[in-house]
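Chains A and B are the protein sequences, given in the same order.
Each residue of the first sequence is one higher than the one before, starting from 0 at the first, in our numbering.
Each residue of the second sequence is one higher than the one before, starting from 905 at the first, in our numbering.
Calculated directly from the structure, the hints in this document are not laboratory data.
All C-beta atoms, glycine included, are put in the ideal place defined by N, C-alpha and C.
Warning: the hint list may mix true and false statements.
Below, a sample of chain A positions facing chain B; criterion: calculated Cβ distance under 10 Å [claimed, not checked]:
1. S6
2. S32
3. P42
4. Q43
5. L87
6. A91
7. Q96
8. S109
9. V110
10. L111
Here's a subset of chain A near chain B, in silico, CB distances under 10 Å, partners left out [said to hold, decoys possible]:
11. K99
12. L100
13. F101
14. F102
15. S104
16. G105
Residues per chain, in single letters:
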Amino acid sequence: DAGVTQSPTHLIKTRGQHVTLRCSPISGHKSVSWYQQVLGQGPQFIFQYYEKEERGRGNFPDRFSARQFPNYSSELNVNALLLGDSALYLCASSLGQGEKLFFGSGTQLSVL
Amino acid sequence: QQQVKQSPQSLIVQKGGIPIINCAYENTAFDYFPWYQQFPGKGPALLIAIRPDVSEKKEGRFTISFNKSAKQFSLHIMDSQPGDSATYFCAAMTTDSWGKLQFGAGTQVVVTP
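Make a model of the complete structure from these sequences and hints.
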């Protein structure tokens, strides 16, 4: 069975641009979470979606937004990119509330 | 404010040794404590997890010890192998928090041959 898949794997953008990252959860999983991992640190929670509704939001600015589609895949959007947005963006899926989280390999975003 | 504090930042052991990683938390509402293993360029992979109603859990060579009164938990890697060289993260969550894991800062473990 396929795990959590994310695309693209790597991305280079310049300051002020917009980026869209995509995630497909494990088959049967209805919940998707997004995390940002800066080099040398633990992942930080950004968003969690379940059944297309936002269930949780971390301490990130409004430049960050996300959505979940009827097939449970998800997109993370970041507007007006800053140098500090350079990080590994991780998507995790789970069956539902309180269940084990399984992470994808992430999208490495570099903002120049 | 970091809700889960992890130590040490890094450690080196010889093959067969037992690396021990410690974590402490403040929020007594946390009721799920997983450990993740991460290799360079990969996402974190769930290793083992524990809930506060048990004091120890073993899965293969990995053991979690949990001290609810001290609000501390630790990971032991028995008979460590060079392939265990990775970064390990402890985390904590309340199971009604919809996937909001609070991660520690990570421990880089190197197992020498």
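Take the shortest C-beta to C-beta distance between L111/A and chain B; is it under 10 Å?
Violated - the Cβ of L111/A stays beyond 10 Å from chain B, reaching only about 20 Å at its closest.
Regarding the hint that K99/A lies at the interface with chain B, is the smallest CB-CB distance below 10 Å?
holds, 6 Å
Interface hint status, F101/A versus chain B (Cβ within 10 Å):
Holds, about 7 Å.
Once the shortest beta carbon distance from P42/A to chain B is found, is it less than 10 Å?
Where the cut-off is 10 Å and the nearest Cβ of chain B is about 5 Å from P42/A, the hint holds.
Interface hint check: S104/A, Cβ to nearest Cβ on chain B, cutoff 10 Å. Holds or violated?
holds, 5 Å
Given S109/A was flagged as interface, is its beta-carbon under 10 Å from a beta-carbon of chain B?
violated, 14 Å
Double-check A91/A for me: the hint is only fine if its C-beta lies closer than 10 Å to a C-beta in chain B.
holds, 7 Å
Hint status (Cβ of V110/A to nearest Cβ of chain B, threshold 10 Å)
violated, 19 Å
Holds or violated: Q43/A as interface residue toward chain B, Cβ cutoff 10 Å?
It holds, given that the least Cβ distance between Q43/A and chain B is near 7 Å, below 10 Å.
Identify whether the interface hint at Q96/A stands, where standing means a beta carbon of chain B within less than 10 Å of its own.
holds, 6 Å
Tell me if L87/A is really an interface residue toward chain B, meaning its C-beta lies closer than 10 Å to one of theirs.
holds, 8 Å
When the least beta-carbon distance from G105/A to chain B is tested against 10 Å, hint result
holds, 5 Å
Of the numbered hints stated above, those contradicted by the structure are hints 1, 8, 9, 10, listed in ascending order.
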